[in-house]
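Trainee: Sequence:
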Amino acid sequence: MSLSQLLCCQDTLPATSPRQGQGVTPWLASDRWGRAVTWPVPWRGTQAQVETSPRRCWQKVLYERQPFPDNYVDQRFLEELRKNIHARQYQYWAVVFESGAVVQQLCSVCVFVVTWWYMDAGVLSPQGLFGAALASSLLGYVLFDAIDAGVGRRESGRTRWADLKSTLVFLAFTYGFSPVLKTLTESISTDTIYAMSVFMLLGHLIFFDYGANAAIVSSTLSLNMAIFASVCLASRLPRSLHAFVMVTFAMQIFALWPMLQKKLKARTPRCYVAVTVLFALAALAGLASVSSVGAVLFASLLLSISCLCPYCLIRLQQLKDNIHGPWDEAEIKEDLSRFLT
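In terms of my numbering, the sequence shown is numbered consecutively and its last residue is 925.
Worth flagging that the hints you see were computed from the coordinates, not collected in a lab. Any given hint could be a false lead.
Said to hold, decoys possible - Straight-line alpha carbon distances no greater than 25 Å define the calculated DSS-like cross-link-like pairs of lysine-lysine that follow:
#, residue 1, residue 2
1, Lys667, Lys644
2, Lys667, Lys904
3, Lys749, Lys846
4, Lys749, Lys847
5, Lys846, Lys644
6, Lys667, Lys847
Unchecked claim - Okay, the calculated beta carbon distance ranges per label pair:
#, residue 1, residue 2, range
7, Gln836, Leu897, 50 to 56 Å
8, Ala716, Lys846, 18 to 24 Å
9, Ala850, Cys893, 19 to 25 Å
10, Leu885, Gly712, 54 to 60 Å
11, Leu748, Ser803, 19 to 25 Å
12, Asp704, Ala798, 33 to 39 Å
13, Leu897, Glu739, 21 to 27 Å
14, Leu662, Ile916, 23 to 29 Å
15, Asn808, Cys896, 28 to 34 Å
16, Gly736, Ser773, 42 to 48 Å
17, Tyr778, Ala798, 25 to 31 Å
18, Leu865, Asn906, 38 to 44 Å
19, Leu662, Cys855, 50 to 56 Å
Ideal placement from N, C-alpha and C gives every residue a C-beta, glycine not left out.
Construct all of the structure, not just a fragment, from the sequences and the given hints.
Mentor: Following this line, the structure appears as structure tokens:
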């Protein structure tokens with residue numbers, strides 16, 4: 585039978601209903617290109633039965649076979665979407681208060697460098713610096729105990745006699761090795777010494793403990809880098825006594841001074857703010873006597889850190905958009921330390 589005869593037979597087929605139990609009835613028709621095809625038309629009873637049958641819901645389980653692909657998700661998938669669940673809402677003045685630690689450390693580095701410049705230029709004598717450092721150390725030691733009424737000392741179990749012995753041992757060893765410190769870097773050029781000192785002081789600022797719980801924080805490394813910078817700079821001073829006083833002053837301003845500031849910040853926040861402002865003004869005054877341009881740039885840096893950066897943080901915090909949901913990695917909340925013993 586030819587194609588034209590098949591198409592003609594389409595109109596002669598009986599339009600009878602299918603028998604009971606049949607699902608579909610074949611009909612002879614033509615497709616869009618005019619070819620003869622057999623088109624199954626579903627029976628009305630079967631179509632109604634399919635439409636009224638309950639549809640199976642998707643379940644988020646792996647132990648049961650389901651008529652869905654592996655990457656299928658339903659409309660309930662985004663119901664567990666959460667945004668910024670771990671975001672902290674910062675207040676401007678609270679951030680300004682916390683930035684005081686950065687300002688303090690920058691001022692400490694500035695005071696140390698200006699003091700070294702005074703000693704190298706002959707403006708400040710080593711005896712005068714040692715006397716001022718000794719007096720300020722005694723005052724700071726008294727304040728350190730008076731802030732918490734000696735509670736921290738009693739908890740640590742350390743006595744004043746132990747503190748005095750540690751101080752005397754440090755001074756004795758530093759004074760004894762001051763000739764070695766003075767001649768330690770004679771074979772190194774002065775430009776290299778200055779470059780090493782700059783990098784060490786930058787590393788001290790980077791690794792210093794400002795109160796953040798980060799992997800980069802290392803108080804020991806920060807202090808060692810600052811002491812190394814002081815040794816490098818002290819080796820370019822005129823006499824061994826200058827080197828001794830410079831290293832002693834570095835230990836005081838980079839080790840003892842931050843300890844007092846942390847206790848002031850925890851116990852008396854208002855005094856901490858006042859001391860921070862006075863210390864910044866003193867550092868700016870000392871730097872202005874050396875370089876007015878440097879003082880202006882340093883003041884701009886301090887204002888940017890204490891005022892502009894907190895404002896930018898608050899503004900950018902509004903744009904934070906971290907999403908959390910069922911696609912996140914599983915976190916074990918249970919304490920597993922008992923399995924490690």
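Trainee: Now look at each hint and say whether the structure bears it out.
Mentor: These are the hints, each one checked on the structure:
1. Lys667 x Lys644: holds, 22 Å
2. Lys667 x Lys904: holds, 9 Å
3. Lys749 x Lys846: holds, 24 Å
4. Lys749 x Lys847: holds, 23 Å
5. Lys846 x Lys644: violated, 51 Å
6. Lys667 x Lys847: Violated, at roughly 37 Å.
7. Gln836 x Leu897: 50 to 56 Å: violated, 33 Å
8. Ala716 x Lys846: 18 to 24 Å: This hint holds: roughly 23 Å between Cβ atoms.
9. Ala850 x Cys893: 19 to 25 Å: For cysteine 893 against alanine 850, whose Cβ atoms are near 23 Å apart, the range 19 to 25 Å holds.
10. Leu885 x Gly712: 54 to 60 Å: violated, 29 Å
11. Leu748 x Ser803: 19 to 25 Å: holds, 24 Å
12. Asp704 x Ala798: 33 to 39 Å: Cβ of aspartate 704 to Cβ of alanine 798: about 36 Å, so the range 33 to 39 Å holds.
13. Leu897 x Glu739: 21 to 27 Å: This hint is violated: roughly 35 Å between Cβ atoms.
14. Leu662 x Ile916: 23 to 29 Å: holds, 25 Å
15. Asn808 x Cys896: 28 to 34 Å: holds, 33 Å
16. Gly736 x Ser773: 42 to 48 Å: holds, 46 Å
17. Tyr778 x Ala798: 25 to 31 Å: holds, 30 Å
18. Leu865 x Asn906: 38 to 44 Å: holds, 40 Å
19. Leu662 x Cys855: 50 to 56 Å: holds, 51 Å
Against the hints set out earlier in the document, violations occur for numbers 5, 6, 7, 10 and 13.
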